[in-house]
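Visitor: Let the hints inform the model, and build the full structure from the sequences given.
Top line first, the protein sequences correspond to chains A and B. Under our numbering, read the first sequence as residues 18 to 214, first letter to last. Under our numbering, read the second sequence as residues 51 to 668, first letter to last.
Calculated directly from the structure, the hints in this document are not laboratory data. Even for Gly, the Cβ is constructed at its ideal location relative to N, Cα and C. Hints are supplied without guarantee of correctness; some may be wrong.
[Claimed, not checked] Label pairs and their computed distance ranges (CB to CB):
| no. | chain 1 | residue 1 | chain 2 | residue 2 | range |
| --- | --- | --- | --- | --- | --- |
| 1 | A | His149 | B | Gln329 | 51 to 61 Å |
| 2 | B | Trp587 | A | Glu161 | 55 to 65 Å |
| 3 | A | Ile49 | B | His356 | 39 to 49 Å |
| 4 | B | Ser597 | A | Asp63 | 53 to 63 Å |
| 5 | B | Gln377 | A | His149 | 52 to 62 Å |
| 6 | A | Lys21 | B | Asn444 | 43 to 53 Å |
| 7 | B | Ala310 | A | Gln105 | 47 to 57 Å |
| 8 | B | Asn418 | A | Ile177 | 25 to 35 Å |
| 9 | A | Asp76 | B | Gln658 | 17 to 27 Å |
| 10 | A | Thr72 | B | Ile295 | 32 to 42 Å |
| 11 | A | Ile49 | B | Ser472 | 25 to 35 Å |
| 12 | B | Gly215 | A | Asp76 | 38 to 48 Å |
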Amino acid sequence: MSTKQEFTITVYTENQVGLLGRIAMIFTRRKINIESMNTSPSESPDIFRFTIVITETEDVARKLVRQIEKQVEVLKAYHHTNDDIVWQEMAMYKVPTQIIAEKVVVERLLRSYGARAVVIRNDYTVFEVTGHREETDKLLEVLEPYGLIEFVRSARVAIIKGSHDFHERLREFEAAEPGESAAVNQYLDQQAAVFSM
Amino acid sequence: MQNKSLLPAMDALQTVDLPALPAEASAKAGSPPVNIALEPDIVLGTPNQPAFAEASAGKTGAQALLDGLLAEGVDTIFGYPGGAIMPIYDVLYDYRNQLRHILVRHEQGATHAAQGYARASGRVGVVFATSGPGATNLVTGLADAMIDSTPMVCITGQVFAHLLGTDAFQEIDVMNITTPVTKWNCQVTDARELPEALAKAFYIARSGRPGPVLIDITKNAQLQSFEYSGYVSCRHLRSYRPKPIVRPEYIAEAAALINAAERPFIIWGQGVILGNAEQEFQAFVEKSGIPAAWTILGAGALPTEHPQNVGMLGMHGNYGPNVLTNQCDVLIAIGMRFDDRVTGRLDKYAKQAKIVHLDIDPSEIDKNVLATVPVWGDCKETLPMLTAGVEAGNHEIWRQRFADCMREEIAEVIHQELNPTSDTLTMGEVIKGLNELCQGEAIIVTDVGQHQMVAIRYAQLNRTRSNITSGGLGTMGFCLPAAIGARFGAPDRTVVAVMGDGGFQMTLQELAVIMQENINVKILILNNNFLGMVRQWQQLFHEKRYSFVDMHNPDFVTIASGYGISGQSVSKRSELNDALKTMLEHDGAYLLNVMVGKEHNVFPMVPQGCGVGEIRLK
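Guide: Here is the structure:
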């Protein structure tokens, strides 16, 4: 297929400094825009799971995944279209509490979007909505005239529809050979102590 | 009374004087050498306190490093010292009779020397460089090793871990700069991390598809004492699968395809050499009776004179292999990656053939060319299995077509190139002369350009690991330092460094290494006072607009004599043979500058934008 579409690339890696850069570089090398990147520990704390979203052809995505797997500290990589995954993005909206108190319209709006109030204060309220890009974008558009103060969106996280025993295999893998946590620089706050270690 | 200070000692076991320490160097020379920090690092703490606390008895990071290198079987290091790597060099002084350190004159020279060493011997090349400019000077060599899959471990010094990110003196972000050009890299900020990092580095560099690895060691880690419990080499990493378990179904499918083929064709590359599978490969070729052609990095895996060796692939390869790629029905690719110089236009490359691709790197399979039967595995394992599955064959009629193409190529191109009638010398006839004297036993190291194509096309190679060149990256200046490395990697073989006038000048500072270490390298410059390959393209594709390719060259023989290296310059046919003989028989390094035709072109050629079938003989 030579048409471009959204691909979600899922990567399981070791937990080491520099790996994020190594993986991102595979995309920048080809001038592919990373539309969203999420990296967080999987169920095993020393195995990280990356979720990366790009828009490209299937051919390119497949070859990219092979190049990612080639990296020494990458365990496995997959690519899926939107049809093969279940995905969510979280968005938070900070609005003046006044608006909610005064305009019933806004209250109804937020209810219909399934927005959850995270924090309610005298001057501001923060709402959270989880869903697809179109849903969170629509709410953003709709809240604009009502004095929206701040907005933030998270990266995409996705579950693969066709996965069968990922969890079990991850657990087995970790049990068979435990991983290591990232070695980091312990000395950054000791700049003045350079010659008196 | 014995003076136990650090002044250079006339050690009876040493063959060379130790280099002068920085303090003395600045006293003697007018300006200090670039990368050695002459001022002590800025002391921020109390100067009267010791540099490091002895937290635990044992070894320092630097000692553990050298201990580890010895355990890994390293015997030669190519390096250039500097402030951030001085603790390691200080400890190296105590190891100088166990680890031979060759002082280069530019860190790029160190990387190419390590590559030459690795290619000639099959072992891991080791490089030492300091932080900042020392590390950035490694990048070209790392990129070259990366794309040509050469096993190499580079150790760079780094400023104190406390100072990372503060723009300290000679501090550079080595990790981010070298990530794209290394197979793996890591930064050691604590001595306790060092032994494991070193073990991983060597394992990754030499296993699977080999490649360059860099370890950046901060100065505190080098100086720090820790409980060293000995060196344990690495045999396994859970996230890394250097070679797979071979699936016999794929081998069976490949064998079936080959057995049914009427015009099968084998193309091989460096993978055969990297896998140490030359014997297995020859057995496969001979049993199957199939004609076989090589990429420039695969040259020599099968001897040049082998009856089934039908020549070179690629843009300047032989006529037969290129044209008949588009006539075969089964293409068997072994340890080669379908580089664009080999395939020409992909939409006109072997479209009619079924392709069997044997490779250890799964990301290479289907990357450029779709394989009908992919055989993922180490060719040392897969080739014997394949040989067992194929039937003994002959393919005489098909092989005759290669012979016919060769006859045509000889008539149109090769004969004039090797036996010219004009007054000016051709590059080809020089190589022919070299062949007659070396009898195919020498290691030929080449630089990049027209001379490279001519040398590799015409050199007679009887043995494997006889051809050392910069393939994927095409780095000019590769030849001289690589030839130095090759002499250390294969000390019992003659090494002839064939280069152009352009490439020689890129790294000629390494002549000082030849002088200092008495290295017997034969330097053969094919001098046309031009950047020949670029000029050829400008002539053929840019209407002879010779944009900045004309070079006014110095007298190379005088330069060599300044480095204490004998040499001569020839331009007449009558002088050539004697000059080559003098060069080869000279006891020590020798530079022979051969003036060749100025506007000579290398043919055959697959022009850009053309398929392999459209190769031009002239």
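Visitor: All hints are to be evaluated individually against the structure, with a verdict given for each.
Guide: Do the hints match the structure? See the list:
1. A:His149 x B:Gln329: 51 to 61 Å: holds (59 Å)
2. B:Trp587 x A:Glu161: 55 to 65 Å: With Cβ atoms ~57 Å apart, the hint holds.
3. A:Ile49 x B:His356: 39 to 49 Å: Once the Cβ atoms are compared, 45 Å apart, the range 39 to 49 Å for His356 (chain B) and Ile49 (chain A) holds.
4. B:Ser597 x A:Asp63: 53 to 63 Å: holds (55 Å)
5. B:Gln377 x A:His149: 52 to 62 Å: holds (54 Å)
6. A:Lys21 x B:Asn444: 43 to 53 Å: Since the Cβ atoms of Lys21 (chain A) and Asn444 (chain B) sit about 50 Å apart, the hinted range of 43 to 53 Å holds.
7. B:Ala310 x A:Gln105: 47 to 57 Å: Between Ala310 (chain B) and Gln105 (chain A), where Cβ atoms are some 52 Å apart, the hint holds.
8. B:Asn418 x A:Ile177: 25 to 35 Å: holds (29 Å)
9. A:Asp76 x B:Gln658: 17 to 27 Å: Distance hint for Asp76 (chain A), Gln658 (chain B) holds at roughly 24 Å.
10. A:Thr72 x B:Ile295: 32 to 42 Å: With Cβ atoms ~36 Å apart, the hint holds.
11. A:Ile49 x B:Ser472: 25 to 35 Å: Violated - the Cβ-Cβ distance for Ile49 (chain A) and Ser472 (chain B), about 52 Å, lies outside 25 to 35 Å.
12. B:Gly215 x A:Asp76: 38 to 48 Å: Because 40 Å falls inside the window, the suggested range holds.
Hint check: a violation occurs at hint 11 only; the rest are consistent with the structure.
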